[in-house]
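J.: Listed here are the chains, written in short residue letters.
There are 2 protein chains.
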Amino acid sequence: MQAVPRGCEVRWDRQGGCVTIICMQTVRVDIPAAAAILYEIRIGAGLLGDLGAKVRAVAPAPSCGIVTDSNVGPIYLAAAVRSLEAAGFRVMTFTMKAGEEYKNLATFSAAMDVFLGGGVERATPMVALGGGVVGDLTGYVAASLLRGVPFVQVPTTLLSAVDASVGGKVGIDHAAGKNLIGAFHQPRVVITDIAAFRTLPAREIRCGLAECIKHGVIRDAGLFDWTAENMARLLALETPAMEELVARNVAIKAAVVGEDPHEKGVRALLNLGHTFGHAIENVCGYGEVLHGEAVGLGMIAAGRLAVALGKFSAGELQQMMEVIGRAGLPTSLPGLDVEKTYATMFTDKKVKGGKLRLILPTRIGHAEMVNDVPAEAIRAAIASLGL
Amino acid sequence: MQAVPRGCEVRWDRQGGCVTIICMQTVRVDIPAAAAILYEIRIGAGLLGDLGAKVRAVAPAPSCGIVTDSNVGPIYLAAAVRSLEAAGFRVMTFTMKAGEEYKNLATFSAAMDVFLGGGVERATPMVALGGGVVGDLTGYVAASLLRGVPFVQVPTTLLSAVDASVGGKVGIDHAAGKNLIGAFHQPRVVITDIAAFRTLPAREIRCGLAECIKHGVIRDAGLFDWTAENMARLLALETPAMEELVARNVAIKAAVVGEDPHEKGVRALLNLGHTFGHAIENVCGYGEVLHGEAVGLGMIAAGRLAVALGKFSAGELQQMMEVIGRAGLPTSLPGLDVEKTYATMFTDKKVKGGKLRLILPTRIGHAEMVNDVPAEAIRAAIASLGL
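Order-wise, the sequence lines are chains B and D.
Numbers 0 to 386, taken from numbering that gives the first Met the number 0, label the letters of the first sequence in order.
Numbers 0 to 386, taken from numbering that gives the first Met the number 0, label the letters of the second sequence in order.
This is chain B alone, in the form it adopts within the complex (with noise of 0.2 Å):
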């Protein structure tokens, strides 16, 4: 900080004619750049029952909260409760309704009034106990209450295990669309009970794949070969399949988001997908056509747009979509809505000026974002899934 000299500012009119002299002081503001952070994610079979001491080893506090939904919750919150309170926790609890159309405004007020109302301090952390709804949902409690208060993720999908909960990208829902509004607040650990995952339905485990599928595609050619060769063991659940393909798609994440915390460059290539699969989620019905379904349709699309521009090859795309399909998850979506898809892929926050930007495959194992993709060729990409 410095106060500069007293200064004058002379504004002139459009004949160049001198109109005003102010006069005026300037003092300078400096904050420190904030220090780096770090984090550990831990993945294995049965962490859960030892919540209490993961969560007290990073954030000792006298008490916790921790928030679940309607379908984790009877299954798990009992158990973490009790594993807090064990750790020395008082432990306030605040359950939502499961689904993505409850991560808005008002369950995020009704979580404020649950830990503001229940005392929570700026040591207390906040724990996210269930899937990508409860983190995202979660983190952005923790974000916001009294300006942040420590935040551990406690992904309960296979879905959030390998993408929401590692990162830091918080928020919830508007009725403009997903994630609209949010935050960036990592969380101080990440414990992954791959355990948990045999309380999911299949159809959450495939969500969960296409992210890592989406994670080989455009980083890791050899993690695409391994999850191909591998469909059959991850969709039983088991645990060594299941503990590689986490560790593997977490270093990837951790990687990407490490080298670009605020996606302003190589972070947005983890949105594969996502552009498309966002407009088809909200299109169709959040819960209609799940995040991870969405964005295997999204790959899919972006893969036919890729090829369209000569960016991508026709194998290429089809061992993509072959993978895809062996996951269990749909390649087609017959009746989609083009021109209303299309139309609501410009609430994406990722648009600038105007102009979507898209990521495109270019190679199994490489993306790049592209601007200025021609109206016609998104269209053809989308009604190509409708075929």
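FYI, nobody ran anything at the bench for these hints, they're computed from the structure.
Some clues are possibly wrong.
Which copy is meant is left open, because identical chains are indistinguishable; a pair holds if it fits in one copy or across any two.
[Said to hold, decoys possible] Computed cross-link-like contacts, DMTMM-like style, restricted to lysine to aspartate or glutamate with a CA-CA straight-line distance of at most 20 Å:
#1 339 <-> 228
#2 263 <-> 29
#3 310 <-> 29
#4 310 <-> 243
#5 96 <-> 39
#6 263 <-> 287
#7 354 <-> 120
#8 263 <-> 120
#9 339 <-> 315
#10 354 <-> 315
#11 339 <-> 84
#12 263 <-> 237
It should be emphasised that the depicted structure is a prediction, and the values quoted were computed from it without experimental measurement.
Chain D: place on chain B using the hints.
T.: Below, chain D alone, put in the same frame as chain B:
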């Protein structure tokens, strides 16, 4: 990021027998330090006339948002919008009802509807045109929209010019207390037109002077004396005196914030009078006792407490009260509910482990943080205000 070799964790029962062996993998996430932030506070009479160019200089974008309130809007909004449009912005406006009681989630939600419905993009700046309430709400809107858009502060009150507009603390109130939901979000620039102070009621100017006196007490005995000597000129809003007052005060605030952006140390000293003050506002009703008035009273309570604890001299307390009185601020509050005020202090964000952390003056120009002040001494300090 690195995937460490697969490790195992052994759990023991209370008798020392091995209970379970959990194999797990750990992936580390390493988020690099964020860049330093540098911004300017520009202070002068008439700066609002050039608002559009000043916003464009720090946030070039196709669109911008502007938030004001029902007091400030009728006076300044039309000219501000013209200036922003002349600078090439498509302008979205949101006018909130004036008053701390509207700095809440309902107003936040309504603002989100306007800007998300209006096509905000990541580069779209949000301009806060008004006092501290407008600045706090707009800043939290800017922090949360698309996980953060640029923010510009245009304080139109002395209080917000010397306090809330600098430092990036933004947020909204909750039934449990003030500013309990929020973020740290630094502005790109602060544009303070001191000519705007001329449309303020005298009571609002006095509230601003309370924070200026506070800055002198905690850090700058020279400023404290200068403020006392120039009080008549300041109350008459003489331009050179007012410009110097604002510049010297924001320089102090900027220095403190630069040293400690997230209030982990020295920044807490800025809360002198605020833990008492927030409780007084809450108990008496926002608007009944204004923020600056409550801070003035809070400083007196803190000063009396410091005298009682042998940390501050009775003579300096007298000096402080005299300046507060000379600014036209109340120095007592007959009928204040002592128990209710005391209890409300514990809902403050600065409470840690159920303990109040209070800022107390030690001499004019110096203050310190004190933990573990006996409850009876705090009650006596509150009670002294009612005499």
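J.: Could you run down the list of hints and mark each one as holding or not?
T.: Going down the list of hints, with the structure as the test:
1. Taking the closest pair of Cα atoms, residue 339 and residue 228 never come within 20 Å of each other, the shortest separation being 37 Å inside a single copy and 67 Å across copies.
2. Within a single copy, residue 263 and residue 29 get their C-alpha atoms only as close as 22 Å, which misses the 20 Å cut-off; across copies the closest is 17 Å, which meets it.
3. In the homo-oligomer, the alpha carbons of residue 310 and residue 29 never lie at most 20 Å apart, since the shortest distance is 45 Å inside one protomer and 33 Å across protomers.
4. When the C-alpha separation of residue 310 and residue 243 is checked against a cutoff of 20 Å, the pair qualifies neither within a copy, at 31 Å, nor between copies, at 61 Å.
5. For a Cα distance limit of 20 Å, the shortest separation of residue 96 from residue 39 qualifies neither inside one copy, at 29 Å, nor across copies, at 45 Å.
6. Taking the closest pair of Cα atoms, residue 263 and residue 287 never come within 20 Å of each other, the shortest separation being 32 Å inside a single copy and 46 Å across copies.
7. In this homomeric assembly, residue 354 and residue 120 come within 20 Å of each other (Cα to Cα) only across copies, at 11 Å, whereas the closest approach inside a single copy is 43 Å.
8. With identical chains, the CA atoms of residue 263 and residue 120 are at most 20 Å apart between copies only, with a shortest distance of 14 Å across copies and 33 Å within one.
9. Neither within a single protomer nor between protomers do residue 339 and residue 315 lie at most 20 Å apart by alpha-carbon distance, with minima of 29 Å and 70 Å respectively.
10. Taking identical chains as interchangeable, the C-alpha atoms of residue 354 and residue 315 are never at most 20 Å apart, the minima being 27 Å within one chain and 62 Å between chains.
11. Proximity of residue 339 to residue 84 under the C-alpha cut-off of 20 Å is found in neither arrangement, the shortest distances being 49 Å within a copy and 31 Å between copies.
12. Proximity of residue 263 to residue 237 under the C-alpha cut-off of 20 Å is found in neither arrangement, the shortest distances being 37 Å within a copy and 46 Å between copies.
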